[in-house]
Structure formats: C-alpha cells, structure tokens
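> Listed here are the chains, written in short residue letters.
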Amino acid sequence: MRVVVWLTEGTWPACVDAVRTHVPAAGDVVLLHVAEPGVPGLAHGAFAGLLGRGGSEHDPGDRMDELDERSAGALLAAAAERLGRPCTEVERTGRVEREVVAAAEGADLLVLARDGDRTRLGPRSLGPAVRFAVDHAPCPVLLVWPEAAPGLTTIPPPPAHHR
Amino acid sequence: MLAWAVARPRGLPEAALAVPAAGLAIGTGAITLDHARAEAERLGPVVGFLAAVLVLAHFCDVEGLFRACGAWMARWAAGRPVPLLTAVFALASVITAVLSLDATVVLLTPVVFATAARTGVRPKPHVYACTHLSNTASLLLPVSNLTNLLAFMASGLTFSRFAVLMALPWLAAIGAEYVVFRRFFVRDLSAAAPVVPDPGEAPGLPLFALVTVGCTLAGFVVASAAGIEPVWAALAGALVLAGRALLRGKATPLTVVRAAAPAFLAFVLALGIVVRAVVDNGLEDALGHVLPGGSGLPALLGIAALAAVLANLINNLPAVLVLLPLTAPAGPGAVLAVLLGVNIGPNLTYAGSLATLLWRRIVHQHEHGVDLKEFTRLGLVAVPSALGVAVVALWGALRVVGV
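Top line first, the protein sequences correspond to chains U and R.
Anchor point for the first sequence: position 88 equals 380 in our numbering, and the numbering is continuous, going up by one each time.
Anchor point for the second sequence: position 143 equals 150 in our numbering, and the numbering is continuous, going up by one each time.
Since the hints were made in silico from the structure, they are not lab data.
Hints should not be assumed to be uniformly reliable.
[Claimed, not checked] Heads up, incomplete: computed chain R residues facing chain U, CB under 7 Å, no partners named:
1. VAL113
2. PRO117
3. PHE120
4. GLY127
5. ARG129
6. PRO130
7. LYS131
8. THR138
9. ASP378
10. LEU379
[To be verified] Not the full set, but computed from the structure, chain U residues with beta-carbon under 10 Å of chain R:
11. THR300
12. GLU301
13. TRP304
14. PRO329
15. GLY330
16. PHE339
17. ALA340
18. LEU342
19. GLY353
20. ARG355
21. ARG384
22. ASP407
23. GLY414
24. PRO415
25. GLY419
26. HIS453
This structure is a prediction, so every number in the text was calculated from the model and none was measured.
Every residue gets a Cβ at the ideal spot worked out from N, C-alpha and C, and that includes glycine.
Okay, chain R solo, but in the shape it has when bound (with noise of 0.2 Å):
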C-alpha cells in the first residue's frame, strides 16, 4: 500500500488504494470492528484539525500573504544571498509552525524559488532551507504537522503545554539547520548579485489573514486553557477566511472542500486503520524490543533516533502510527522524542523517506537531475546535528517546566 502511495499509477490519489486496503483489513479479520472504530474515533478530530488548517493555509494565499512574502524577502535581501537565506529561514519557520508544513513546500517554496531568481541569487540553498525547514521547524505547535496531531491527541498535553515543550528544541533545530547551512553553502551563497536589483512595487499588507491567523493562534491557547478541544479554534480561522472569500467572490463552496483535500483526509483515516492492523499483527512485540524505556537523556536520544531511521524507511506518516501506541504509555517525553525523529529525520533521504526501491521510478518519472548526492550529504550533516541539539533542549525543557 505504501508503494502505491509513492508511485501513484495513472495520477490516482493515493486514497484510492488505501480505503479498500482499510476495507480489506477489516473484511479479513486483520483488524478487530472495534480497534477500527476505535482507530477511527481517535482520528477524527486530528482529521477535523488537519482539514482546518489546510482551509485556513489557502486562503491566506488567496488573501496574498504568500505573494506578500515574496515581496518583503526581495526588499530585505536586495540581492544578497545571506540576508535572503535568513530571511527564508525566517519565514519558513513561522509559516511552517503556524499553517503547517503543507503550505511551506506547497505555497512558500516557489515563492522563495521565484524571489531568489528575480533578484539574481542562486536559488539552490534557498529552496533547499524551504523543503528543511518544512520538516525541521514542524515542531513547534500541534498544528505545524499531521505527526503531531496525532502525538497531541495520543500525549495528553495541552496546546500550550505542548508548545512551551517543543520551543526550545523548534529554536534549536533551526539554529542548528541554519549554521549547517551556511557552512555546506558557502560557495552558492557568496555569489552575490554586482547589480542592484529592482525590488519592485512596495507589497501590500494583507491584514485581514494575518490578523486572522494571530486571533486563531490566541483561539488556541484561550481553548486549551479553557478545556475546549483547540480544532474549534481552528474551525472558526478557517471559516472566516473562506467565509470572505466566499462573500468577494474569489471562491465557490467546491474550492473550499477542495482546500480541505478530503481524498488527503480520508487517506489519513485509511492509513491509520491499515497501520493499526498491522501494529496488531506483531509490528508491536517486534518493536517493542528495541524500544528504550525511561525518560533519561539517552532513552530520549534513542527514541529520537529509532524514529527516524523508522520515518527514512517507511515514510514518516506510518511510523508515528506506528510508535505512537507504544510510547504513549511513557509518557509525554517518549512521544515528543518521537516527534523530533520522525519531524526532522525525513530530511536525510530524497522525497522525506520513500521506500528505497521507489525513488529512482519517481526520479525517473519527472526526468529531475536531482544530486542525490549532494542531498544526502547535506542530510547526513543537518540531520544528525539538529536531532541532537533539539533532543538536549527538550530534556532540558522537560526538567525544567515539567510534563
């Protein structure tokens, strides 16, 4: 199933297969009706989240913050490759932590690509801090990655809580990334436009999503305070961007679900049965043996460090499906380990972890040149070093404010 998902035959979503693979695992017996319902229960408000966010993501492109982006990284950089790069970092991060990592690689990135050839920068390290990022500054709120909505829902934390963890070890990661960065691109990054180039006409400023953004934000730690389960908040964001959309005409109610991407949420569903399944059917007693117990230091590191061998072998989505129920018994450390693993790991191997066997089909497919090479080599550095710094700072976060 998983090799389906990575190949996609004839351009199929992925859904395609995973929903009668679900049927199947049910029908078979693979799966009991109630661990499946239970399953599904356990997802449906990460579905909900996910959806929102997606929704609320859209529209503030529709509103113009991505191009808005574009336009402040040009004026602030003015053709250097070093204050872009930091201004991408910038960005990155918070759009990644705030709309999820979706909007990054699928809004941000040819934002970035288009700034940095208009202003005469070699774009290769900034679309290559783009595609880090979206992976590595994932980690700050429950919201930046479907891996940690379904950690948020199985760890018991709070939106704040979960946020005040993850802090330390989100500044960290990109610290660590950003001085990798400047190291392994050095040459790239000293190739600075003679010409100053024309920054263009000033951006307007789109208020109205990102005020709405900051007051879903507030929505979330109000909620959490407050004992209501944060994917209304999420709901509401959402609903007043494509709302006004809506009112000005610049959407129709069919290109609001299809920002919600419903064959993307029901493959979440399918894929947690499917996963579920095969947890039930020995995965668990397997890896249960490997798996460190405690909340020390080490037990942290390697946690973080199975996770993300786990996430470059099957795909990070599955493996925190997959770990989740077994670390959840520990605690909230063991399961926000796993999140730093499978969150920054994927970006050790080329398309974030495919099955081996697939990426050179999907290379191929796209006729991409891609250095593979040089990818990995990259990911070989950044990703040792910004798992380990983040793992330090969230045993360090976790002595100091307490689960």
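One chain only, chain U, in its complex shape (with noise of 0.2 Å):
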C-alpha cells in the first residue's frame, strides 16, 4: 500500500498522526511538502521595485530560496520523526495543489488536512488548494481536521422552504 501525505506549515501533524491510526505498519508511506515559488518571488519584486540597487545590495529573494528550501527539509524531518517508521520524503516546487494531485497519481492514498475555516463544519472548511486536491485526486483520500473537528451543531438548520 503506498500512502501519499501531503504536509503543510501548521497542519502537519494531524496528517502525521491520521497515518499513524489508520495506515497499516507495512505500509509504504511518501512524506510531500510542496513549495510555493511565489513567496521568494515576492521578495525578488520588492527589490526589483526599488529602481537603482543592482549591484549595490543583495537581492533578498535569493536568499529566501536558500531558506525555502532549508525549511521544507527541517518541516519533512520533523514529520518523519514524528511517524516513526520508515518513509521517503519529498519535496516539490511548483502550484501547490496541481503538483499534489501529480504526487498522487499511482498512490493507493492521499492523506491531506482541511485549510480553511475550521471553526464549522461544511464545504468553507476547505481552501482552494485542498479543494483541487479532494476534486481531482486519482486515489482514495483521507481527509483530516488539523484539530478536533467542530460540533454537529455548527451547522445551519435547513431553509425553511424544505419541508
């Protein structure tokens, strides 16, 4: 069984733990942390905003790169020792959910956790990133609540129309 998590800042553990419960022993776990390539590219605009320092100062977007990547190594590390078991990690760059939902294919598992509103229950729970990977995964997935999952009370009654 080859089981795909995908793991994000603030959120990951919960894939983590979701593995550890329902993810047999023998299975073949792959720890996924996607980069998004906009945010040092944010940096390298700032500075290519500011007209006339080529040359004078350093480009703060490519020390951001370097920290990108060291980061997403540090967040895979964290998570592989909080699984204890064996598993390959990987990193990819690239739109979030489209590289997510490539990582996947051949996968017999998408463990990934809700990023949006969790405060109740219902479809605003999901960011459009998760909700691209739950759309078009080409495997079962897991989907998990970073923490407990609200109450069913947090849902609306029904319109009063509806009889």
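Using the supplied hints, reconstruct the complex from the two chains, each of which is provided in its own coordinate frame.
As structure tokens, then:
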C-alpha cells in the first residue's frame, strides 16, 4: 500500500497522526511537501521595484530561495520523526494543488488536512488548494481535521421552505 | 533608460547606463549646464543622506538587530499567525520609518520569512506585509524613503515638522493595510500550528545599535530645531556604527564604502538630471494641465491619485522627480500629497510599478511564479483604502498643525 501524505506548515502533525492511526505499519509512506515559488518571488519583485539598487545590494529573494529549501527539509524531518516508521521524503516546487495531484498518481491513498475556516463543519473548511486536490485526486483520499472537529451544531438549520 | 534599469542586461548596475545618459542629455543640449548643475546641487545632500542611512541599516544588521527581530517575533507569536502578522506590522513599520524601505525589503523580509517557516506559520501574508509596508510605512520621516528625501529638500519643511505632519497619515495608512490584510488572508491566517514550536534561545539585545539609532533620531530633531542640516546627524550615526564595526574587525573600509552603495548614489544623481531634461522638454506643460491646483481635500486627493498612477507607470522615483517641481510652488501640502501617492501607489503592481512590458521578462528570468492575479487583487483593495485614509489624515494634520 502506497500512501502519499501532503504536509503543510501548521497542520502537518494531524496528517502524520492520521497515518499512524489508519495506515498499516507495512504501508509504504511518502511524506510530501510542496513549496510555493511565489513567496520568494514577492521579495524578488519588491527588490526589483527599488530602482537603482542592482549591483549594490543583495536581492533578498535569493536568500529566501535558500531558506525555503532548508525549512521544507526541517518540516519533513520533524514529520518523519513524529511518524516513527520508515518513509520517503519528497520535496516539490510549483503550483501546490497541481503538484499534490501529480504526486498522488499511482498511490493507494492521499492523506491531507483541511486548510480553510475550521470553526464550523461545511464546505468552507476547505481552502482552494485542498478543494482542488480532493476534487482531482486520482486515488482514495483521507481528509483530516487539523484539530478536533467542530460539533454538529455548527451546521446551519435547513432552509424553511424545504419540507 | 528606465527600460534598461529594469531589465539590467548582463547584471550591469543601473548606473552603467544612467550616467552616460545624463552626460548625453547635457551634451546634446537637452538640458542646459546650469540646470544640470542646479539639479546636482539639489541632489547632493539627498545622496549624502541616503548613503548615511544605507550604512546605518547595514551595520545595524551586522550588530544583529534583524536577527534579534526574528527571535522577538518568534517568541511573541509562538506559532500563532495573527500575532505574528501584528508583530511584523509593528516591526516593519518602525524599521521602514527609521532605517528606510531598503532595510525592510533587503534585511527584514528574509528574516520574517525564516521566522514564519521556522514557527510553522504560512509565510505568504507576512512576506506580503513586508513588501506592502516597505512602501506604505515609508511616509513618516524624510529618511524613510528616497522619495521623501527629495520632497523634504523641495518642501522647505523642517525635519520635525515633516514628521509631525506625516505621523497621522502614516498611522492611518498602516491601519488601513492591517484591516485589509486581516480580511484578505483570513484563510492563511487561520492555519495555526497545533504544536507549540521551540522558540529557540533568548536573543541578545543589540543595545549599541539601538542606542545609536535612537541618538541619531534625537539628533535629527535637535539639528532641525537648531537650524543645522539633519544630514549631519545621519552621517554621525553611520560613522559611529561603521567605526565600531571597523574597530572590532567586523568590517573593512571597503565594506563600508560598499554599504553606501556608490553605484546607486551615482544612479540617483544621473536619473535626476535625465528626468530634469525630460521635464524641461515638454512634460512640465503636459502634466501642468492635469495637476489640480489648490490645497483643499479634493485637490490633495487628486494630486495623490495622479502621483500613484504615475508611480505605477514609470516607477516612483522618476515620478517624484517629475512631480516635485510642479507641486513645490503650491506649498508643502501638495508636496506631501505627492509623497502619499508615490509611496503607497507602488503596491498596486508587481515589482512596484514597472513598465508593463517588462514585468514578464523579470518574472521569466527568475521563474518566480508569483500569483500576479492575487498580487493585483490585494493591491486594488489595499492601495485605494490606504491612500484614501492617508490623504484625509494629511488634510486633517495640515488644518490642525498648519504648515
């Protein structure tokens, strides 16, 4: 059984815990982190907007590209330690939701965490990236709440005209 | 010339073309030698100020100020995205105001990014905050932004009067940005880390750098009250920090000169002369018609909006050089309104207002994959709101404090 676990900043421990609970120990686990290239790009852009500094100051985006790689490595290492089983660590860069779907090709399970408004049950608990991954995943999906799920009372009552 | 400055073929510094272009403008008679000399004399103190502030920021970094900022933010926020955003807003606003927008973009942004990633927070809103605040929070002091220095020299205001008039617009603009950010990034900000990350070791306080910067600020106020050019206070502060680094073997004379960015300073001088040539040759008449007169609220709004649009078309540095001679006769109110426009405006377009044709080139060159739609959507909300409240605040400050 090949399991791809998509880890993001903030919510990754819940995904790792879900694997420990629901995936048999013999499963082949892939820990996946996808970096958005856009964030260092913001700094590249801000620096380019400062007219005349080229050659005099360092482009902060370059430093952030390096940091980006290192922090993804640290997250994956922490996740592997929490998992406590043999696993493969994969780092990808690109449009996050598409990279996740591509990485899930041929897998038997994709594990991911809700990334939207998690104060109530409902469609808004999925952000755009997770929504895309859930809708397009080429395999079964295990969608976890990063923290305890909200109660059923958070569902609004049905509209009055439905009988 | 602007196209070159943006594209920078073979990584040459912008000055490599700007200086010959200025020579050409003088040589062909596009600008008279007298005008060129007057422009150079006007820009001289500006360039000195700029060099001093760049050196000051560089050696604050050497003293560990920005590393300490990262540690403070991490401890204060403890993995919670909203407190981290608040801390970023506070620090980026103060650093931009005191050590200039260069310090925020070049030195603080990577620290914020690293802090967010290390504490398990999605870095996007916080990095966006740095880039936005490097523009929006650069309203307060003449030293915060090169555009301010240019306007400060043209306005005839004292250092303290400038700061007093701009304090309210500065706070209003930052407040507007904060509200916009909280709403725009509500999803990213709700992804809190369920585990409390290790805050790391307690940061050492870079006391010397803080005291020097504090004394420099006090020096600005005292100097302007005593009628001395505040540029001397900046130079003194820069020399103290650079001298300490030299004595402790953390810098060589060469690194001090490099920190002052001589190529950039040459670029500013040359750009000033070229823009003066363009203004002399017809742009003055063309813009003079569009620019609203008077100092009422509608006129200030009009001037600020025009400045913001121009900053997005031709970058804010040339924009301020073009607009200053046109607005200076109308008094400090109009000049400060121009500043609101050119400082807040660049948040509208990626890379702060490049010639539209060139952004693609830059994006492809680095394969950034910045979501331009998102960038522009944020700009379309943040810029008009920040600019609107800032202009109203400026109008209020002008009425209450007077010029």
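> It remains to establish, for every hint, whether it holds in the given structure.
Outcome of the hint check:
Proximity of VAL113/R to chain U holds as hinted, the smallest CB-CB distance being about 5 Å (cut-off 7 Å). Hint status for PRO117/R relative to chain U: holds, with the closest Cβ pair at about 4 Å, below 7 Å. Interface hint status for PHE120/R: upheld, as the beta-carbon distance to the closest one in chain U is roughly 5 Å, under 7 Å. Because the closest C-beta pair between GLY127/R and chain U is about 5 Å apart, less than 7 Å, the hint holds.
With a least beta-carbon distance of about 5 Å to chain U, the hint placing ARG129/R at the interface is held under the 7 Å criterion. Below 7 Å, beta-carbon pairs count as interface contacts, and PRO130/R has one with chain U at about 5 Å; its hint therefore holds. A least Cβ separation of about 6 Å between LYS131/R and chain U falls short of the 7 Å threshold, and the interface hint therefore holds. Nearest Cβ of chain U to the Cβ of THR138/R: about 4 Å, under the 7 Å cut. The hint holds.
Look at ASP378/R: its Cβ gets to within about 5 Å of chain U, closer than 7 Å, so that hint holds up. Here the hint on LEU379/R is broken, as its CB sits about 9 Å from the closest CB of chain U, past 7 Å. The beta carbon of THR300/U comes within 7 Å of a beta carbon in chain R, closer than 10 Å, and the hint placing it at the interface holds. Of the supplied interface hints, the one on GLU301/U holds, with its beta-carbon coming within about 5 Å of a beta-carbon of chain R, less than 10 Å.
Checking TRP304/U against chain R: minimum C-beta separation of about 8 Å stays under 10 Å; hint holds. Interface restraint check: PRO329/U against chain R, minimum CB-CB distance 4 Å, threshold 10 Å, status holds. Using the Cβ-Cβ criterion of 10 Å, the hint placing GLY330/U at the interface with chain R is satisfied: the shortest such distance is roughly 5 Å. With a least beta-carbon distance of about 6 Å to chain R, the hint placing PHE339/U at the interface is held under the 10 Å criterion.
For the restraint placing ALA340/U at the interface with chain R, the shortest Cβ-Cβ distance is roughly 4 Å, inside the 10 Å limit, so the hint holds. Interface restraint check for LEU342/U: the shortest CB-CB distance to chain R comes to about 6 Å, inside 10 Å, so the restraint holds. A distance limit of 10 Å between C-beta atoms decides the matter here; for GLY353/U the minimum to chain R is near 7 Å, and the interface restraint holds. With a least beta-carbon distance of about 4 Å to chain R, the hint placing ARG355/U at the interface is held under the 10 Å criterion.
Among the interface hints, the one on ARG384/U is violated; its C-beta lies about 13 Å from the nearest C-beta in chain R, farther than the 10 Å criterion. At its closest, the beta carbon of ASP407/U sits 6 Å from a beta carbon of chain R; the interface hint therefore holds under the 10 Å criterion. Because the smallest distance between the Cβ of GLY414/U and any Cβ of chain R comes to about 14 Å, over 10 Å, the interface hint for this residue is violated. At about 13 Å, the closest approach between the beta carbon of PRO415/U and any beta carbon in chain R exceeds 10 Å, and the interface hint on this residue is violated.
For the restraint placing GLY419/U at the interface with chain R, the shortest Cβ-Cβ distance is roughly 5 Å, inside the 10 Å limit, so the hint holds. Hint status for HIS453/U relative to chain R: violated, with the closest Cβ pair at about 31 Å, above 10 Å.
Hint compliance for this structure: hints 10, 21, 23, 24 and 26 are not met, and every other hint is.
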